[in-house]
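Chain A is already provided as a structure; the job is to place chain B on it using the hints.
Number of protein chains: 2
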Amino acid sequence: MPSQAHTIAVIGGTGAEGSGLALRWAQAGHRVIIGSRDGAKAQAAAAELSERLGGGDIRGAESAAAVSAADIVVLTVPFAAQRPTVEGLRDRLQGKILIDVTVPLVPPKVARVQLPPTDSCVVAIQEMLGDGVRVVSAFQNVSAHKLKDLGRTIACDVLVAADDKDARRIGMDLADDAGLRGIDAGPLANSVVAESLTSVLIWINKTYKVPDAGLMITGLK
Amino acid sequence: MPSQAHTIAVIGGTGAEGSGLALRWAQAGHRVIIGSRDGAKAQAAAAELSERLGGGDIRGAESAAAVSAADIVVLTVPFAAQRPTVEGLRDRLQGKILIDVTVPLVPPKVARVQLPPTDSCVVAIQEMLGDGVRVVSAFQNVSAHKLKDLGRTIACDVLVAADDKDARRIGMDLADDAGLRGIDAGPLANSVVAESLTSVLIWINKTYKVPDAGLMITGLK
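Which chain is which? The protein sequence lines are A and B, in order. Taking the working numbering, the leading residue of the first sequence gets 96, the next gets one more, and so forth. Taking the working numbering, the leading residue of the second sequence gets 96, the next gets one more, and so forth.
This is chain A alone, in the form it adopts within the complex (with noise of 0.2 Å):
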């Protein structure tokens, strides 16, 4: 059982890093709500997910619904859905932590950094949403299917941003409940690093012919 057990809503949750998170999530011993614009397809993806793990605390829902029953929210959609998922659930999002997992890739050179014009897509989120939610950044340099094989030790770290400590610290823990290493990176700012960093990864696997390169950070204790 994790220190804290929260109840996760994990929006995009139907696609491989939301539900690769979720599994993982599960299997540590969170409550778990995938969240879709369809709700029929989150609850089958949450139910082949509990199938998956064997046990666990899985429901699925319309994002709306899933968002209101959760003290924190994962965003995990594609970078052009990002903003308009948000704008929709700015409401129910009020007085949570939200964790983006958005990284702005722009096809088709998704290998090649190509920021937006705020530089962070997740500190553009954050001053949409205003002092009321906490936006922390994260996971956006872990392979899905890596996530998935629940078996795995995965050799990545994950860089957490926030400008809140606290919901940077959940941010941290919930890697490690991932399986993963929780990195402290720092204010939310700091979120370009993990947001660019998925670019030259994709180029790496291409380059060197590998599934999946990682990033670890070196020389702490």
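Note that these hints are calculated values from the structure, not bench results. Hints are supplied without guarantee of correctness; some may be wrong.
The list makes no distinction among identical chains, and a pair is therefore deemed to hold if it is satisfied within one copy or across any two copies.
Unchecked claim - No farther apart than 30 Å at their CA atoms in a straight line, the calculated lysine-lysine pairs in the DSS-like style are these:
1. Lys136 <-> Lys316
2. Lys136 <-> Lys260
3. Lys204 <-> Lys316
4. Lys191 <-> Lys241
5. Lys316 <-> Lys191
6. Lys243 <-> Lys316
7. Lys136 <-> Lys304
Okay, now just chain B, sitting in the frame of chain A:
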């Protein structure tokens, strides 16, 4: 001896980062010229490095002369000095490779990512110099005092980004010659990762009370 011996001018080579790289390249068998606005200071620094190394081909010169004598120019100056320094050397740089180590730190908040309007400060230099100079981004994340400790194995990868593939390869080889591991990080636009990561590493050093956090790319063969 390196696979190919270069004549490398290290502009700003009297500083900590530049002199650390100079030392390691001289040790590997390259000809190194320490460049500085003050030629006498450059010669004194070169003499000191030669003594430390117990040999090696290291000399000092005023920056313009150093650039003219070199086939590879390495820029290790503070962000505020980057553009004026390159502007002053512009004509002499034509036809050469420029390895730009500049990190866009904005004091006093150096542990906070604050990218310039162009995102990458190295891309801005490539645009200023034009196609006649092949600009490479590298070495932003290696701690200077690790470089100076010649007996030490450094657990830190070097992300090497450049639009020219051959120049990128040379940057990677120079990382290897310095006892590091050069990683092909793709086009010059991907320099954003290395440029922003330094602030995160400074944050980590402070937060985890360690002297020199670094990065390693995992998942390579």
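We went through each hint and held it up to the structure:
With identical chains, the CA atoms of Lys136 and Lys316 are never at most 30 Å apart, being 44 Å at best within one copy and 38 Å at best between copies. Taking identical chains as interchangeable, the C-alpha atoms of Lys136 and Lys260 are never at most 30 Å apart, the minima being 35 Å within one chain and 45 Å between chains. Taking the closest pair of Cα atoms, Lys204 and Lys316 come within 30 Å of each other only across two copies (25 Å); inside a single copy the shortest separation is 38 Å, beyond that limit. Taking the closest pair of Cα atoms, Lys191 and Lys241 come within 30 Å of each other only inside a single copy of the chain (28 Å); across copies the shortest separation is 43 Å, beyond that limit.
In this assembly of identical chains, the alpha carbons of Lys316 and Lys191 never lie at most 30 Å apart, being 32 Å within a copy and 41 Å across copies at closest. Proximity of Lys243 to Lys316 under the C-alpha cut-off of 30 Å is found in both arrangements, the shortest distances being 29 Å within a copy and 22 Å between copies. With identical chains, the CA atoms of Lys136 and Lys304 are never at most 30 Å apart, being 34 Å at best within one copy and 47 Å at best between copies.
The structure does not agree with the numbered hints 1, 2, 5 and 7 stated previously, though it agrees with the rest.
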